[in-house]
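Participant: In order, the protein sequence lines correspond to chains A and B. Quick note: the first sequence uses this note's numbering, first residue 1, plus one each step. Quick note: the second sequence uses this note's numbering, first residue 1, plus one each step.
Treat the hints with caution; some may be incorrect.
Note that identical chains are pooled: a pair holds if it fits in a single copy or bridges any two copies.
Below, a list of computed lysine to aspartate or glutamate pairs in the EDC-like style, where the Cα atoms sit at most 16 Å apart [stated by the list, open to error]:
1. 51 x 80
2. 243 x 207
3. 294 x 316
4. 165 x 122
Just so you know, the hints here were simulated from the structure itself, not pulled from any lab data. Because the structure is a prediction, the values reported are computed rather than measured.
Protein chains: 2
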Amino acid sequence: MNALLKLLPIKYPIIQAGMVYVSGGKLAAASAEAGILGVVGAGSMSPDLLKHHLEKAKSLTRHPERLAVNIPQLYEKTSEQIEVSLRAGIKIIITSAGSPKAHTTELKKAGCVVMHVTSTPELAKKCEDAGCDAVIAEGFEAGGHNGRDEITTLVLIPQVVKAVKIPVIAAGGIGDGKGMAAAFSLGASGVQMGTRFLATQESSAHENFKKLVIESRSDSTMLMMKKVVPVRLLKNAFYEEVKALEEKNASKEELVALLGKGRARLGMLEGNLSEGELEAGQIAAIVSDLPTVKELVPRILREYDEAVKNLVRVSEWEKKA
Amino acid sequence: MNALLKLLPIKYPIIQAGMVYVSGGKLAAASAEAGILGVVGAGSMSPDLLKHHLEKAKSLTRHPERLAVNIPQLYEKTSEQIEVSLRAGIKIIITSAGSPKAHTTELKKAGCVVMHVTSTPELAKKCEDAGCDAVIAEGFEAGGHNGRDEITTLVLIPQVVKAVKIPVIAAGGIGDGKGMAAAFSLGASGVQMGTRFLATQESSAHENFKKLVIESRSDSTMLMMKKVVPVRLLKNAFYEEVKALEEKNASKEELVALLGKGRARLGMLEGNLSEGELEAGQIAAIVSDLPTVKELVPRILREYDEAVKNLVRVSEWEKKA
Numbered sequence: 001m002n003a004l005l006k007l008l009p010i011k012y013p014i015i016q017a018g019m020v021y022v023s024g025g026k027l028a029a030a031s032a033e034a035g036i037l038g039v040v041g042a043g044s045m046s047p048d049l050l051k052h053h054l055e056k057a058k059s060l061t062r063h064p065e066r067l068a069v070n071i072p073q074l075y076e077k078t079s080e081q082i083e084v085s086l087r088a089g090i091k092i093i094i095t096s097a098g099s100p101k102a103h104t105t106e107l108k109k110a111g112c113v114v115m116h117v118t119s120t121p122e123l124a125k126k127c128e129d130a131g132c133d134a135v136i137a138e139g140f141e142a143g144g145h146n147g148r149d150e151i152t153t154l155v156l157i158p159q160v161v162k163a164v165k166i167p168v169i170a171a172g173g174i175g176d177g178k179g180m181a182a183a184f185s186l187g188a189s190g191v192q193m194g195t196r197f198l199a200t201q202e203s204s205a206h207e208n209f210k211k212l213v214i215e216s217r218s219d220s221t222m223l224m225m226k227k228v229v230p231v232r233l234l235k236n237a238f239y240e241e242v243k244a245l246e247e248k249n250a251s252k253e254e255l256v257a258l259l260g261k262g263r264a265r266l267g268m269l270e271g272n273l274s275e276g277e278l279e280a281g282q283i284a285a286i287v288s289d290l291p292t293v294k295e296l297v298p299r300i301l302r303e304y305d306e307a308v309k310n311l312v313r314v315s316e317w318e319k320k321a
Numbered sequence: 001m002n003a004l005l006k007l008l009p010i011k012y013p014i015i016q017a018g019m020v021y022v023s024g025g026k027l028a029a030a031s032a033e034a035g036i037l038g039v040v041g042a043g044s045m046s047p048d049l050l051k052h053h054l055e056k057a058k059s060l061t062r063h064p065e066r067l068a069v070n071i072p073q074l075y076e077k078t079s080e081q082i083e084v085s086l087r088a089g090i091k092i093i094i095t096s097a098g099s100p101k102a103h104t105t106e107l108k109k110a111g112c113v114v115m116h117v118t119s120t121p122e123l124a125k126k127c128e129d130a131g132c133d134a135v136i137a138e139g140f141e142a143g144g145h146n147g148r149d150e151i152t153t154l155v156l157i158p159q160v161v162k163a164v165k166i167p168v169i170a171a172g173g174i175g176d177g178k179g180m181a182a183a184f185s186l187g188a189s190g191v192q193m194g195t196r197f198l199a200t201q202e203s204s205a206h207e208n209f210k211k212l213v214i215e216s217r218s219d220s221t222m223l224m225m226k227k228v229v230p231v232r233l234l235k236n237a238f239y240e241e242v243k244a245l246e247e248k249n250a251s252k253e254e255l256v257a258l259l260g261k262g263r264a265r266l267g268m269l270e271g272n273l274s275e276g277e278l279e280a281g282q283i284a285a286i287v288s289d290l291p292t293v294k295e296l297v298p299r300i301l302r303e304y305d306e307a308v309k310n311l312v313r314v315s316e317w318e319k320k321a
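The shape of chain A in the complex, shown without the other chains:
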């Protein structure tokens, strides 16, 4: 049996990523209803706002057991966010950034399933050693924050699968059933999709931002800000400013100053496409519509089945000879 389905109370081994400003209660609930893991992205939320989104999510689904929270361990509020999540009855926590040791023991004691995001096989092993139940291995093509070694999903997944015994969820560059079949071929037990769920009716991304994502082409994103923390951005006026600074070999401080405060909120939530920071993955290039989650999930599953069905065995090739 599929290792992720054994671990989580979901029907299909798909995780809707918990993205800042994008993954609120509405999106998470729609995902839970569709049979996959619905993740609220706590990174952009105060504990109070997180509480609000979790209550909203619970009110919109008959499957609250399929709800999870993604907590990037970047801020002082991490402990409070964990507390709010546990009090809301959330039993599945995804941690990212920082050490998997920071909160895994405490979360396991509270009865949670814990998954940590990794961009290297070495960190994946540390996640397993820290007691995590699964790892989400995210490649270079992913949107938003990214690893420093620039390892792509295609190369990362087999290494992580080899490094750990716990289930591996592939993330980065997956936006349809074909990508899902590719990830499973590499030994993943599940996939996490971000940009694909950003471009749904239920995501809380601004309509302008959604529109830009579905119009994206193959060269529309780039990994930037490597001196601060690598982040994959859609190319817009803000990106051009970052690029110009980087070409001048600007310092980390200058980049942080340009970033300022609220750029991500400005772009992703408020829809200011020129001055805002717009995080998206390379897969934006193949995302071209705005379905409901209810329409999207069965479509991905059909594409997956079709991709698997189309794979022929070596003996088929040998018939020609």
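With chain A held as given, fit chain B onto it using these hints.
Facilitator: What follows is chain B alone, placed relative to chain A:
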């Protein structure tokens, strides 16, 4: 029937990449014998040396029809290399760098199958329009020369498959049968593997270089020299020099001066692991032995079959529910 097997007189839809200093007549012949496309890498060869390698390849295989030449259109000698290849009876030419329009018509008139290497869906379309019979779509994780848009194989392949009707061969980040199954899931009709064939008994890479490749880890390569032409390198002392210059925001001219002449030859052929330029792909991390091509190809096919066999259909997941 598999589109690449229809196009080429090979048994399995695998191309052994034509790598500078690595892919000589011996390697190409061993590949042809194993049922795949054996490619001589002309990039590092004078027309006379190319002639020598083609004669050698033909003398070592009963399947000269499975031999091809990779000609990077970077040098003045391109036309001479084409002439030498045609005179040696080669009927399959892979062109890379430069425009697919440059030589495709002439090669088609000479009765050749022509494939061009691309790193974007837009260029893939131009290849098709220029009359190419197939495209080799190569992602960011590939070793050596690389595209400027940093599109990974996982994201690139579906876009190229959508952009053209001719067969698409996936390259970059593929080193075993699992990666091959992933590429086919994405719609590729074949795969090209470079670093995996570098680490074989028959490749002409220096033993020191081969050893370094099989000892590589997940973070052992990086895409460098973006101001000149992006190239993925193994990290060694030469890489550290490039990195130091780039961190100082060195000009293109300074980088070209550091590169100088003969660095690739020094590293890859002569085995100077500190001063030489060592081109390899991210997949070096999972390449860990030095088999003969005769051992390697059946192993890849077994892994591919195993990966395909292990993929379950959606209905299997639904049984749990």
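Participant: Each hint should be assessed against the structure and marked as holding or not.
Facilitator: Comparing the hints with the structure gives:
1. 51 x 80: Only inside one copy: residue 51 and residue 80 sit 10 Å apart there, 71 Å across copies, limit 16 Å.
2. 243 x 207: The answer is neither: 25 Å in one copy and 41 Å across copies each exceed 16 Å.
3. 294 x 316: neither (37 Å within a copy, 20 Å between copies)
4. 165 x 122: Only inside one copy: residue 165 and residue 122 sit 13 Å apart there, 41 Å across copies, limit 16 Å.
In this structure, the earlier hints numbered 2, 3 are contradicted, and the remaining ones agree with it.
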